[in-house]
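Student: Chains as they are written, first to last, in numbering that gives the first Met the number 0: chain A, 0 to 299; chain B, 0 to 431.
It is worth saying that the hints were derived from the structure and are not from the lab. Remember, it's a predicted structure, so these values are computed and weren't measured experimentally. The beta carbon of each residue, even a glycine, is placed where N, CA and C say it ideally should be. Please note that a few of the clues may not be correct.
Below 20 angstroms or equal to it, Euclidean Cα-Cα: the simulated EDC-like pairs (lysine to aspartate or glutamate) are [stated by the list, open to error]:
(1) K173(A) x E242(B)
(2) K33(A) x E213(B)
(3) K280(A) x E102(A)
(4) K47(A) x D62(B)
(5) K221(A) x D360(B)
(6) K44(A) x D59(B)
(7) K290(A) x D229(B)
(8) K54(A) x D124(A)
(9) K80(A) x E4(B)
(10) K286(A) x D229(B)
(11) K173(A) x D62(B)
(12) K221(A) x D263(A)
(13) K227(A) x E169(A)
(14) K224(B) x D263(A)
(15) K279(A) x D229(B)
(16) K172(A) x E269(B)
(17) K276(A) x D179(A)
(18) K224(B) x D285(A)
(19) K216(B) x E131(A)
(20) K232(A) x E217(A)
(21) K47(A) x D59(B)
(22) K227(A) x D59(B)
(23) K135(A) x E4(B)
(24) K136(A) x E12(B)
(25) K9(B) x E131(A)
(26) K176(B) x D59(B)
(27) K176(B) x E131(A)
(28) K286(A) x E242(B)
(29) K1(B) x E131(A)
(30) K216(B) x D187(A)
(31) K1(B) x E81(A)
(32) K276(A) x D229(B)
(33) K224(B) x D26(A)
Some residues of chain A that are not near chain B, with every Cβ distance over 10 angstroms (derived) [unchecked claim]:
(34) Y6
(35) L30
(36) E81
(37) I84
(38) L154
(39) P164
(40) R195
Chain by chain, the residues run as shown.
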Amino acid sequence: MRWMKVYSLVLIVLSVLMVIVSFFMIDILPLIYKVYTGNAISPDKIEKLILFGTKVSDELILYAALSFFTFVAFFFTRKVKEYFIVLSVVLLLHFVVVAEIGEYVIIKRFYQLFVMLPLLWIFFDFFKFKSETYEKKVTYGFLYLTLLCLVLPGLYLPPFFTGIPGWTVEIDKKEPFYIDGVFLVRDDGEEIRFSRAIVNPVNFVTRLNGYMLNSHPEKVEKLLTFYKQSYIKRYALLEKGYMPNERLLGKFAYPIHNPYGTFDYAKFPPSSIKEIKLSKKYYYWDKTFIKEEVLAREVW
Amino acid sequence: MKILERFNEKLYEPAPASFIGWSRIVILTFLLYKFLSRDFSIFGILPIELAVAYPTNVFDPLDAYVLLGFKWFVDLCTFHWIHWFVSFPSEVVLYYVQLFLELMLAVALLFGGGYKKLNYLVIYILGMYLLGFLFRMGADIDEIFIQMQIVLLLFLFRGKESYILFFKQQNPLNYSKENGWFFSMVLLIFIAYYFLAGVTKVIDISLLDWGRCELSKLIELNQIKLALGDDRGVFFLRDFFVENSWLDIPGTVIVYLEHLMIPLLFFRREYIPFVWFIYFLFHLTSLTINLFFTGVFLSWLVFLPVYRFSQKVVVLWDGDCGFCWKSVQIAKKLDWFNRFIVVSSHDVKSNQALLEGWDGDIEKGLFAKGVESNKTYVGFDGFRRMTWTMPIFWIILPLLYIPFVPTVGRWIYGWIADNRYRFGCNSKGCQA
């Protein structure tokens, strides 16, 4: 396992460098943003980035320290078995203590990447691809791909991916909540919810809305036009009380991933609609309406 | 390495050919059902800003969910690389691509993969291409990845198929190592899907976070949003969860632990019904927060051992026991398709080939075994194996696999077996 010593040494040096880099996060982050998204960060986001940079630098120091100790321990491993024991211990320590302190998933995933990267070599050595039968090659190929998904953070090679992320939900009933989405407004001011099922197979409408609002705020009207076109095209079905997914199989149709509500679109023919809007409606837990924040609107 | 030896042994554990045919039927029916309920032509009118979006653009990189969902990776995997050379298709083109895919699904469903299993390859390419429009937005990932992986596996499988029309095929009850490999691979696909989700539960979040999933409050919020006219479905189980917040932590912990322990299923396959049941509850529960995993629900059906409905079953009973004799007579009456081969313990010598795998101890209870199979079942498990062959019991059959029912069943069976002379046993041998 000489390669493990070399790898550990590299990572020990990187851990030290990470501490140094953590002091310059505010300068480095805009560059990372530009490389990753392809766009320079807009001035209104700079303030958020500075705040984030301050937080993230603290967390980087924490993970640099953890990495330092982890790779010093890896340096002294001589067998694969010892590596697995150390790996189990550090992952357990991370799960029980460090993950509780750390906030950013991306840093946790990169820590996971560095401590598990040796697995790629170990298993490549372990599975003798060349000498195996056709079936075993397929099996090992699949397992290796799974391992890649495990090690590389957020690997996305459809139909293979890293897995559904961990989740926590904490809700304070005293805090207001909101309902966001697309609404159609009739001539007389009546509103109806624009169901996500109308643009099915697109399912996560709020995700599309968020993407357009964040990345192309000047072109949100194009999104609303898309919704409008879809509504008009599919109105013949909607009028009869069917959603587009029920076009052929009626009520026995395959449901969509996020079940939709029932809305009477017969009372909202396209000719009677004056506006389509994207908004957030805020409420208290007792259903008291607080306010509406219109994020975008388009005259029909 | 012992584990590798055990892995290889399990990888080729013989399985009946029916599994391949049944997997094809389940997965392709599911895909056909899904595509018949979708209209992908809508992507023909998608604004260009959305059409060129990728997971890296749509998701917050800090969540690291699909951090590496870059254009090159996604385009190569979804065959959208074609749009490096050709412009995005119109509604009409997409309509015909979908129609052709549906036709191919129907053809493969009836006739199998055809020459070199190319039908599956066409289905995979067209399916990935159409679904690619969703995958680019990071949508539908956990709903369809398992199924598409199995389609790819059907293409890669080199053995003969079963349950197809007209073409050469295997007898569904033919057990072979090659078929066993296919079964193992399907199992590995499910294992990888859940296990990877399990690992994120120990990396992304901490031990204390496991207790911070306030599911009941989230469900209550869903209910309130629904009452306020949000775009959500009605689901009857919500009320149950809202009033039972004590379920939050154990429910979460059970699912996370099952995610993490699922690789063991590869070695202990008798627990498939148990795991299936827990995931059934998990996916049912997810409906309370407006997530419906229809695809995963249906895909688990691949593990339904349909061959058992048609396989002949050897049943060995205690020839000295009158109660057992009466029970066997009833079972024979309920065996409407004449599948049982009943053997008395007095006739063991003349039926040794049929009873391969029996340890010779009739005191353990009745012994049952599928004729072509190597798996043996004793006592309550033997009775449960028999119920697959008796249509009248099919309605209670799923109940016999619910966690803890087998434990109770084995206890009751053991008690009855120990006291069988009290239930009409009238021979001296039995009393002895």
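Student: Now tell me if each hint is right for this structure.
Tutor: Outcome of the hint check:
Distance restraint check for K173(A) and E242(B): the Cα-Cα separation of roughly 19 angstroms lies within the 20 angstroms cut-off, and the hinted pair is therefore satisfied. The straight-line distance between the Cα atoms of K33(A) and E213(B) is roughly 37 angstroms, outside the 20 angstroms bound, and the hint therefore fails. Distance hint between K280(A) and E102(A) is unfulfilled; the C-alpha atoms sit about 29 angstroms from each other, more than 20 angstroms. Taking the CA atoms of K47(A) and D62(B), the gap is about 16 angstroms. The hint holds against a cut of 20 angstroms.
Distance hint between K221(A) and D360(B) is unfulfilled; the C-alpha atoms sit about 76 angstroms from each other, more than 20 angstroms. A C-alpha spacing of about 14 angstroms is found between K44(A) and D59(B), which places the hinted pair at or below 20 angstroms, so the restraint holds. For the suggested pair K290(A) and D229(B), the alpha carbons sit about 16 angstroms apart, so the restraint of at most 20 angstroms is met. At roughly 40 angstroms between alpha-carbon atoms, K54(A) and D124(A) are farther apart than 20 angstroms, so this suggested pair is violated.
Of the pairs offered as hints, the one joining K80(A) and E4(B) holds, with about 17 angstroms between alpha carbons and a cut-off of 20 angstroms not exceeded. Taking the CA atoms of K286(A) and D229(B), the gap is near 12 angstroms; set against the 20 angstroms cutoff, the hint holds. Under the criterion of a C-alpha separation no larger than 20 angstroms, the hint pairing K173(A) with D62(B) is inconsistent with the structure, at around 27 angstroms. Simply put, K221(A) and D263(A) have alpha-carbon atoms about 26 angstroms apart, too far for the 20 angstroms limit, and the pair is violated.
Our distance criterion of 20 angstroms between C-alpha atoms is broken by K227(A) and E169(A), whose separation comes to about 36 angstroms. Restraint check: the Cα-Cα separation between K224(B) and D263(A) comes to about 18 angstroms, which is no more than 20 angstroms; the hinted pair holds. A C-alpha spacing of about 11 angstroms is found between K279(A) and D229(B), which places the hinted pair at or below 20 angstroms, so the restraint holds. For a cut-off of 20 angstroms, the pair hint linking K172(A) to E269(B) is broken: about 44 angstroms separates their Cα positions.
Among the hinted pairs, K276(A) with D179(A) is consistent with the structure: their alpha-carbon atoms are about 11 angstroms apart, no more than 20 angstroms. Between K224(B) and D285(A) the CA atoms are separated by roughly 11 angstroms; this keeps the pair inside 20 angstroms, and the hint holds. For the hint pairing K216(B) with E131(A), the CA-to-CA distance comes to about 52 angstroms; that exceeds 20 angstroms, so the pair is violated. At most 20 angstroms may separate the alpha-carbon atoms for a hinted pair to count; K232(A) and E217(A) exceed this at roughly 25 angstroms.
Using a Cα cut-off of 20 angstroms, the hinted pair K47(A) and D59(B) holds, with the two alpha carbons roughly 14 angstroms apart. For a cut-off of 20 angstroms, the pair hint linking K227(A) to D59(B) is broken: about 27 angstroms separates their Cα positions. Distance check on the hinted pair: K135(A) and E4(B) sit about 13 angstroms apart at the alpha-carbon level, within 20 angstroms; holds. As the CA atoms of K136(A) and E12(B) are separated by approximately 17 angstroms, the hinted pair is consistent with the 20 angstroms bound.
A hinted pair counts as satisfied when its Cα atoms are at most 20 angstroms apart, and K9(B) with E131(A) qualifies at roughly 16 angstroms. Restraint check: the Cα-Cα separation between K176(B) and D59(B) comes to about 45 angstroms, which exceeds 20 angstroms; the hinted pair is violated. Of the supplied pair hints, the one linking K176(B) and E131(A) holds, its CA atoms being roughly 15 angstroms apart against a limit of 20 angstroms. With a C-alpha separation of about 19 angstroms, the suggested pair K286(A) and E242(B) falls inside the 20 angstroms cut-off, and the hint holds.
Taking the CA atoms of K1(B) and E131(A), the gap is near 18 angstroms; set against the 20 angstroms cutoff, the hint holds. At roughly 37 angstroms between alpha-carbon atoms, K216(B) and D187(A) are farther apart than 20 angstroms, so this suggested pair is violated. Only pairs whose Cα atoms come within 20 angstroms are accepted, and K1(B) paired with E81(A) is accepted, the gap being roughly 17 angstroms. A hinted pair counts as satisfied when its Cα atoms are at most 20 angstroms apart, and K276(A) with D229(B) qualifies at roughly 15 angstroms.
A threshold of 20 angstroms between alpha carbons decides the hint, and for K224(B) with D26(A) the separation of about 42 angstroms lies outside it, so the pair is violated. The beta carbon of Y6(A) is kept farther than 10 angstroms from every beta carbon of chain B, the shortest such distance being approximately 20 angstroms. The Cβ of L30(A) sits about 14 angstroms from the closest Cβ of chain B, beyond the 10 angstroms cut-off, so the non-interface label holds. With a minimum CB-CB distance of about 15 angstroms to chain B, E81(A) clears the 10 angstroms threshold, and the non-interface call stands.
Distance check on I84(A): its Cβ is at least 15 angstroms (rounded) from any Cβ of chain B, clearing the 10 angstroms threshold; non-interface status holds. Not every Cβ of chain B is farther than 10 angstroms from the Cβ of L154(A); the closest lies at roughly 5 angstroms, contradicting the non-interface assignment. Not every C-beta of chain B lies more than 10 angstroms from that of P164(A), the closest at about 5 angstroms, which undercuts listing it as non-interface. Annotated as non-interface, R195(A) brings its C-beta within 10 angstroms of a C-beta of chain B; the closest such distance is 6 angstroms.
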